[in-house]
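Asks: Chain residues, written in single-letter form:
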Amino acid sequence: MGLTRRTFLKAGTVGGSLALGFDLHEARAEMREFKISRTTETRSTCPYCAVSCGVIIHTLGDKAKNATASVVHVEGDPDHPINRGTLCPKGATLRDDINNPNRLTSPKVRRAGSDKWEAISWDDAIAQIAKHIKTTRDKCFVEKNAKGQVVNRNPGMAMIGGCTDTNEFNYLQWKFITALGIPYRDSQARV
Amino acid sequence: MSVQSLEIRRSSASVWGSPSGMRSVPTVAKYIDTSTCIGCKACEVACQEWNDLPPLSTQQVGTYQTMPTLDAGFWNLIRFDEREVEGGLMWLMRKDQCMHCAEPGCLEACPAPGAIVQYANGIVDVNQDNCIGCGYCETGCPFDVPKFHAKTGKMAKCTLCVDRSSVGLEPACVKACPTGCLHFGTKEDMVALGSLRVDQLKKGGFTTAALYDPQGVGGTSVVTVLAHADHPEWYGLPRDPHVPLGVRFWKNILRPVGLLAIAGAFVAAVGHYFNFGAKQVQGSADSETNLPQV
Amino acid sequence: MSAVPIRDRALDDAVTVARDREDVAVGNEIVRHRLSSRLIHWSVALSFFVSVLTGMPIWTPFFRWMADLFGGLSVCRFIHPWAGIVFTVISTVQFFHWLGDMKLEPNEKDWLGPRAWKYLKYQGDDSEVGKYNGGQKLFFFAVSLGALGLLVSGVVMWYPLSFSQLVRELSILLHDVTFILFSAAIIWHIYLGTAAEPGTFGSMVRGTVTKAWARLHHPRWYREVTGQK
Amino acid sequence: MASLAATFGRGAMTNGWVDIKNADVILAMGGNPAENHPCGFKWFIEAKKTRGAKLVAVDPRFTRTAAVADLYAPVRAGSDIAFLLGVIRYAIETKRFHEDYVKLYTNASYLIGEKYGFDDGLFSGFDAGKGEYDKANWGYEADAKSKAYGVDPTLENPRCVFQLLKKHVDRYTPETVEKICGTPKETFLKVCEVVTSTGNAQRVGTITYALGWTQHSVGVQIIRCAAMLQLLLGNVGRPGGGVNALRGHSNIQGATDLAGTFEILPGYLKTPAGPQQTLKDYLESATPTTLNKQAWASMNYWQNYSKFMISLLKAVYGKNATKENDFGYAWLPKVDGNYSWMYIYDDMYRGSSMRVGGKEAVPEGFITFGMNPVGIGPNSSKIINALSKLKWMVVVENYEIETATFWKAPKEYGGPDSSKIPTEVFQLPASGFAEKDGTFTNSARWMQWKWKAIDPPGNSKTDQEILARIFLAVRDLYKKEGGPGADSVLNVTWNYTNPAAPDLGEVLKEINGKAITDIPDPKDKTKMIRTAGQQLENFGQLQDDGSTLCGNWLHLGVYTEAGNNAQRRSTADPTGLGMYHNWGFSWPANRRIMYNRASADAEGKAWDPTRPGIVWNGEKWVGDVPDIKPDSKPGEFGAFIMNAEGVARLFAATLNDGPFPEHYESVEAPVENLLHPKVTSSPVTKKFSSDKDVYGKKEDFPVVCTTYRLTEHYHYWTKHTNILNQLQPGFFVEIPVALAEQKGIANGSKVKVSSARGSIEGVAMVTKRLFPLKINGKEFWQIGFPLHWGYAAGDTGHTGPLANFLTPSAMDPNTWTPEFKTFLVKLEKA
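Chains as they are written, first to last, in this note's numbering: chain X, 1 to 191; chain C, 1 to 294; chain L, 1 to 229; chain V, 1 to 830.
Isolated chain X, as found in the complex (with noise of 0.2 Å):
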């Protein structure tokens, strides 16, 4: 192990003060070190409300092959004309949202009575969902409504969501949405 500065100074307390008795000066070891002078800084945009304030994600490492970015602050874009660098106390925190030991990785599924959660590989689950919605659709597609009109609606599915999502997310479930015909559709802008 090196001698960093901070244990150098510590080391000479010790011995400086055996040496002379005791000493007029004492050593002023090195407080925190500004944490994130070599982070690499990412903008990005508070996920919250829609005030949409800028903030500067910042990840341990430079994007060096061997690093593996975590995220250790995050903090706001001083240059974003709305929120000018400052955050809420939900924006404040962003760090512990994207660390947060809650987050879910990995899928599970529960089945039909069942009263617990199982795991299931995404080709697993992706491949059951595709049939359930199949079935469904095929079970339930109305080609021409009561009135003999064509309508190509699958009235057997609701889909909602989005509203924390990109907009090119929004796009493409509406373009999955209208694949589908899907008319139970709805987001969070109604509630």
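By construction, these hints were calculated from the structure, which means they are not laboratory data. Check the hints yourself; a few may be wrong.
[As the list claims (entries may be wrong)] Output of the computed footprint for chain C on chain L, the stretches with three or more beta carbons under 8 Å from beta carbons of chain C: (1) 34-43; (2) 63-74; (3) 91-103; (4) 142-150; (5) 171-185.
Each residue gets a CB set at the ideal place from its N, CA and C atoms; glycine is no exception.
Please arrange chains C, L and V on chain X, whose structure you already have, making use of the hints.
Replies: Structure of chains C, L and V alone, referenced to chain X:
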């Protein structure tokens, strides 16, 4: 912080004082405008996030205030107060934290050399390496700020983000504050800003508005705009804070007098010996017959 | 009390006797402090000095060097209150141990004043001084009271947040004043017990004093122990 | 946002967050911006500090906003219309309105047909059987000669909108307002005075609101009041003015712009319905006819509808969309009736749905991306029971939420035993905001790109990958097996470089749109305004012949040949008004203040030269991106280009509950309607009739209750985050001091709150910030509680009752938004 980068103006329990004066740096200060604080607590958690202080466990007991007082792991607390005055309702909120006094009672009371330092820019900081956790600073502080951390056995409080300000950044709480009721800059600028706001408030009907910068502790590096400065206690602030008399007497009078007294006792004993010598038993102790007559 | 006959036995009979008895003459010596008394005294002394040496560097950086005897100021901060507790506990034992011998007699009251000065100038009339003179008795009560003061104020300083600001400030002052007086007194206690009055120190080491010493310093006690006039 | 669209033409926040600093008066009502939008609220404070602006807070509770306001007025929850119509009456009575503006830019002078009327709480044309109005009764009076609409520029004709409005609001005297709202008359008059101080050219005021207005059975009409008031005061279109809807989710605006709700397609095009069998039918019914006032023409921007729609069809169906097949119009699903939020769960729960006279299937499968209906409610118990009838459900989330675990909801919520629930639930872990790039659109319509900071944790995936993989798997099944409506599935384009995880930059390019073939310049056919493959730059380049594709016409300009404009980060603000044109991209057309033509007078000069929106320099409009044809002379077009009239509507015949707002009580009302006891609640509000839809009477549930968010928490997510739990550890009920004393409730003790739907328990927060209000002489109590808790809180232990267990299935007749903000409860010691 080494003297090279941030001179130390005062240091606790320092025999000869600390070397400073080579550089001229402005005193920095934090400005708190209670009249535009919405009590959102962003400052509370921005502080915790920057300083890597883990969340504490709290319970809802019928108030928006996170906890009753500051904590060694919670250096920044919004105090809430609902108050009805002359039929009008006020919901007062004030950011409670270390005031960074120009004459810090904590530093005065601190017995550990270099455990509490005042940097040339006015920031008062607990140097964790030197702190011995005696808690004298709790008695020295007129604002009830420093707290004992059970895990480290040391005292902890707001550092005015000295690690940020020493590289030219505002403290984490100030940066976060959504409404801008917090500001950071030189003390001079913050006092000017405060006066401006106080004038605005006075014009707006708050005739008793004033800037809280108590001179009893030499002024503070945290200046607070109070719309009702005639009642600082509504905000949880002492009316006329000063370094406790007991602490002053103790450090400035009792301690030197005591030192002299002890030294005096020693000198007196030596003097006595030179003057009177020992009270010797005369003759041979073995012989009863030789016992001196008394 | 009567003299124990000199037996033709081990070298240091007095020390053996002094293990469990005092106020007895053994040969040319008188046992002044039996082993338990000495152990108590030295325990008090030891805990006191630990307290002092750990407390002084906290009191003022002038004595900061003392902290290094224990491994630093933080260690002092840890040891000091515990040493103080030990000191108080043994002081309490000591108090009751010696309380019987320490009854102040009416004529000893002037030890608070001119009598003490006369004593220090070796001009006092000591003929009626028993095992302990008035000064010693007053010292005894003073240190006992001091120990109590240090304890009470020390506890407050140990747990400052459990007490009001006023109590905290008063405690700091009380602790300081007590400690200063205590220290000054101890310096004289040591001085009188060693350099100023040769032969005294032995009473706390061997447990014995010479008869001559006893007759000089504590004539009445000497008479009581030896049965002599 | 239906009310803003009905009034101004577009349903979004008119100005911007920073622009609020330009206001002289800010009315914060129907929202608590200090609590819910603290970082936006800084511009309120900035206005106070730098301009001496007056902040007026009107709220049932003394809120965090009220704490720093210059003036606070209490109002009974659900009585906002009476309050605001009272302010409008005051403005008209005292002539404290901006008359020039009103004449120029509103339909105040338009004459209304004889069929319009209002009597005893009902507008004309009410069909009691259907519970609906026939809006045809509310039309303008056509001028036979000019074929335009009749106007009276003097505003004196008794049938003109202004006179009708004056008559309509005449009942809302300060005394009546006090009786209905509980606002003391003096306080109310102070509010009136401050708010109407901006009814002139020199001063500007803004109104901010949020869900405190939206979530009522009369929500749209409350907002209409604000929009009308701002028109009267001449505050719309001007810097520092507008009606600013403060939205609550990071991309709720974007989700709406991109057709998050059933009734719209991207860019607020209408979802086709059964009767519109061909593209021609559809375009005819959707494209409004231009209504010309004598003085000037309306741009009627919606006349370009066919370009927007056909470009959208080209984006969805690509090469498969041809002129011959109506650009694939037939593949689009058509709706019949209502499929919105509460109908989803009602149909699901009841298991039946009638559509144009025929029985149709109801949802047996359900997908939710980042939404939590059990928490969101209303009437959580009904939603839990509805989900219990599903065959399958997919929940894509960051955290385990109440909806994903509805099958193990605590028994008190009345769901079936898990063994009796057949639903197969898939819980898929999604990425958080920091783990993907892409744009969010904020409340002020700013589209801002964000960059990815880290990979999603563990085995979680980005939402776009999850969606794409499901889509591709389903498409493969249709390719292999075929099936009904297979064409709809197979013809949708998905030609991204990586179809299983589309690059969001590519998607944004598609949303912006491009030229499919060369597009000649109509003025000079030898020149091309775009060559094949080039990104489009503005609306004007859109074509209706299939030569352009565009995923959302409204977003046009966000990703041009110049690059991704949502990534722009210039802090330049040459106007000093906080517009920041080179920061991100603001729809429409990077315009920062909508309807900014109204910021200038008839000649094109700024009403207030210190705060110009746009001004006419003799050749073109300069300043903000003009909300008018850039080179159209003053007087050529009306200021509200999205309205067929070219002006904003004080009288709006498009809404389902009346052309003017009228005070109606909430569905669960504590009192009879003072103005017309026979019509207490809105006659056209919709209630539901399942056994789970029960409504409380004022005799059993005498206390008015409201729900809200706290600044320390976000919806139902952050109870998973301990650092925020530390700031607000659990559920509580805010109770006025006097009510607590009456009930013997101590601060911090447990209380029970019950509505007709159920009851929940929580810690009492006894506070001076709530107080009794005198309604028509009688004292009424209001209480409230925050909504952030539920039974899913990970390992934090910070669970709590579902606030929406108590809220009713009642809703606004225009937006079908539930009435979360006013319902009846009773309060007891627990």
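Asks: Hint by hint, note whether the structure agrees.
Replies: These are the hints, each one checked on the structure:
no., hint, verdict
1, 34-43, "violated (count 0)"
2, 63-74, "holds (count 3)"
3, 91-103, "violated (count 0)"
4, 142-150, "violated (count 0)"
5, 171-185, "holds (count 10)"
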